[in-house]
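Visitor: Here are the chains, one letter per residue:
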Amino acid sequence: MSITQNSESALRTPTGQALPRLLFPAVLAALGAWVVVSSTGMGFWVRLGPGPGFFPLVLGSLLVLLSLLWIGQEIRGGRHGATSEEPDTSSVADLIIPEEPHEPLRPKNIAAIVVSLAVLAALMPLVGFQLSMLFFLVFHLRVMGRRRWLLTALVSVVGSFGVFVLFTRVLTVNLPAASIGFLQSLGF
Amino acid sequence: MNTFDSLMQGFSFAMTPENLLYALIGCLIGTALGILPGIGATAGIAILLPLTVGMEPASAIIMLAAIFYGTAYGGTITSVLLNIPGEGESAITCIDGYQMTRQGRAGVALTTAGIGSFIGGTAATLALVIAAAPLSQLGLMIGPPEFFCLILVGIALLAGLVGRSLVKGLISAVLGLLIAMIGIDPVAGAPRFTFGSEHLLDGISIVPVLVGIFGLGEMLYNAGGTAARPAAPRLRQLVPTGTDIRRAAPAIGRGTLIGSVIGLVPGVTSAISSLLAYSTERKVSRFRHELGTGAIEGVAAPETANNSHSNAAFVPLFTLGIPASPAIAVLAGAFLQNGITPGPRLFVDNSALIWTVIASLFIGNALLLLLNVPLVGLWTRLLAIPYSVLSALIFGFIVIGSYAVNNSIIDVFIMIFFGIVGLIFRRLDIPLAPLVLTLVLGPVMESALRESLQISGGDFSVFTTRPIALIFLIIAAVILTGSIFGSKFKRKAHLPMDAAA
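Just so you know, the sequences run in chain order A and B. The numbering of the first sequence is this note's numbering, which starts it at 1 and goes up by one. The numbering of the second sequence is this note's numbering, which starts it at 1001 and goes up by one.
Check the hints yourself; a few may be wrong.
Computed from the model, here is a short list of chain B residues facing chain A with C-beta under 10 Å [what the hints assert, rightly or not]: (1) P1050; (2) L1051; (3) V1187; (4) A1190; (5) F1395; (6) I1398; (7) I1410; (8) R1450; (9) I1455; (10) P1467.
Where chain B lies over chain A, by a calculated footprint (3+ residues, C-beta under 8 Å) [as the list claims (entries may be wrong)]: (11) 131 to 139; (12) 144 to 153; (13) 180 to 186.
Negatives, chain B to chain A, calculated, CB over 12 Å [unchecked claim]: (14) V1129; (15) I1130; (16) K1168; (17) N1407.
Please keep in mind that the hints were generated in silico from the structure rather than gathered at the bench. These figures come from a predicted structure and were not determined experimentally. C-beta: ideal position from N, C-alpha, C; glycine also.
Work the whole structure out from these sequences, hints included.
Guide: Right, dumping it as structure tokens:
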């Protein structure tokens, strides 16, 4: 998870600063180096030809090289000011499809979504699909979306219990069942 | 059996009530996905892919393909009525389409777009029918060295043409290959990068990765954003007048040609076909001075082009096994899931299935025309669903979709992880298309490389002494060099950032 944590912190910082912009390519370079090191233990060449470590070695080296190139571009771009990366807005096509600037990140909303999904995934094998999805939907509709209770209840019940019946009975898709004995006896 | 007989047999299978129903469901879901913000064709197909496990392979692929081209219709509706391009390829339709809506001619614009899309899609599918047999003959001559070089061409196209930075495009491709490498290696059977996990021995399933990157990644990128929600205008008139038809017809013809040709090139998105079709109208149309003020050519040409592009994009997949765009790559995943490898052998090994799917493309295009134009008022009501309700339900489906491939909670966590990766890619302008292509093709690419070197006894000249392989290598090199020196031009031409757009 270190990749995502590092790069998330890079994202929160304004893009004008050099260091955070170098962070993600640096992480990728480290990942590439790790792939190269790991591939050496897999067998680079066997009697029949390339071994299991051959392709990873090539790819790991490529990743290191490309990440260093990216870092180089960022440093050069920073030295020349941001102008070299600025698109030329004089062409007709720019008027037709204007460059969309990134909307500001909303770290709280992103964190709420990621954490709620992780909790949902962790709860599903314990309490079953229906109850965990019910809680998840109530959280998103009522807490995040500030919807009225009636709508929240309706959508949550249909989205959890209704969807469970639809998928397991009609579409014959398996969904997680509870592993807690008490809940199992209730049919979850 | 000749091509015509095969196609007729395909029609007889595609017209069974069951397959018609799946095509219809696919068209409806596709249109809905195209209208609704937050989730596009690629994520939609990826999420629904696991739910087709219990279906007949032909029915599953018919439905998923219908979702793919149905989204384009949905995107048109919001572009014309609300000035919001649901899909990137409809962005250009906004200009004249929305002006037509303001003049009370929304119905005419939508009908024209529908007819144009139908003609463009049907013509491109006809081209597929004609080209399929000879191209797959060519495909059968392709051995491992040629196939490896062909994939290199695909990667070069996606990395070089799609994003603004070649380095970032190539990084995306390399990361896709590395993810594909997790699990048992395809030649010697040794485990790689499994971190001791039994689950990872089988490799990472592409569905949770794609759902994460395209579905959750997009939702996280838009997290907390407010979607515009203007009221849908009333449709006074649906049928175009004689003048409209006379003006739209040549634009539809040019759009068909542009989309069908550009669609054959892997990596070039349908957004580029629409853009080219529109700029062609600006140059050659008799009414070019009216473009931008609600001219019917400005709707007919790009909408025709993007749909003929979408249908033409099946040609490289069916004949060579190269998916031209992320959405098509996910469809390739659907083939693989059903034990069918897309490529030249399709027409030999799975002839009945592939002709059924091709026949269904004709049927689907007709269904979309019949369904969507009269129902357009109903479709716009979908936009009245509050975004918080919609996003909560989409999260639910994302979780079900990624769980259902292997009935595995680990896959749900993998999906969440790749959702964060998708967010980072979007923020840092790393294109997603090369990653998807290499993720899907990674195992075959590595097998092709290693088999080639086994054939030659480890001699790398096998890639330069075989003429077809050498031609592919040169093409790939030209594209890469061209995109290094052409970056200035590219910035000027302002190609869209990603095939997923």
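Visitor: Now look at each hint and say whether the structure bears it out.
Guide: Comparing the hints with the structure gives:
1. P1050: Holds, about 7 Å.
2. L1051: holds (6 Å)
3. V1187: holds (7 Å)
4. A1190: holds (4 Å)
5. F1395: The hint holds - F1395(B) has a Cβ within 10 Å of chain A, the shortest such distance being about 7 Å.
6. I1398: holds (8 Å)
7. I1410: holds (9 Å)
8. R1450: OK, holds: R1450(B) within 10 Å of chain A, min 5 Å.
9. I1455: Result: holds, 8 Å to nearest chain A Cβ.
10. P1467: Constraint on P1467(B) not satisfied, violated at 22 Å.
11. 131 to 139: Check passed, 3 qualifying residues.
12. 144 to 153: holds (count 5)
13. 180 to 186: Violated - the stretch 180 to 186 of chain A has 0 residues with a Cβ nearer than 8 Å to chain B, which falls short of three.
14. V1129: At about 33 Å from chain A, V1129(B) clears the 12 Å cut-off, so the statement holds.
15. I1130: holds (33 Å)
16. K1168: Violated, because the least Cβ-Cβ distance between K1168(B) and chain A comes to about 7 Å, which does not exceed 12 Å.
17. N1407: The assertion about N1407(B) is violated, with a minimum of 5 Å to chain A.
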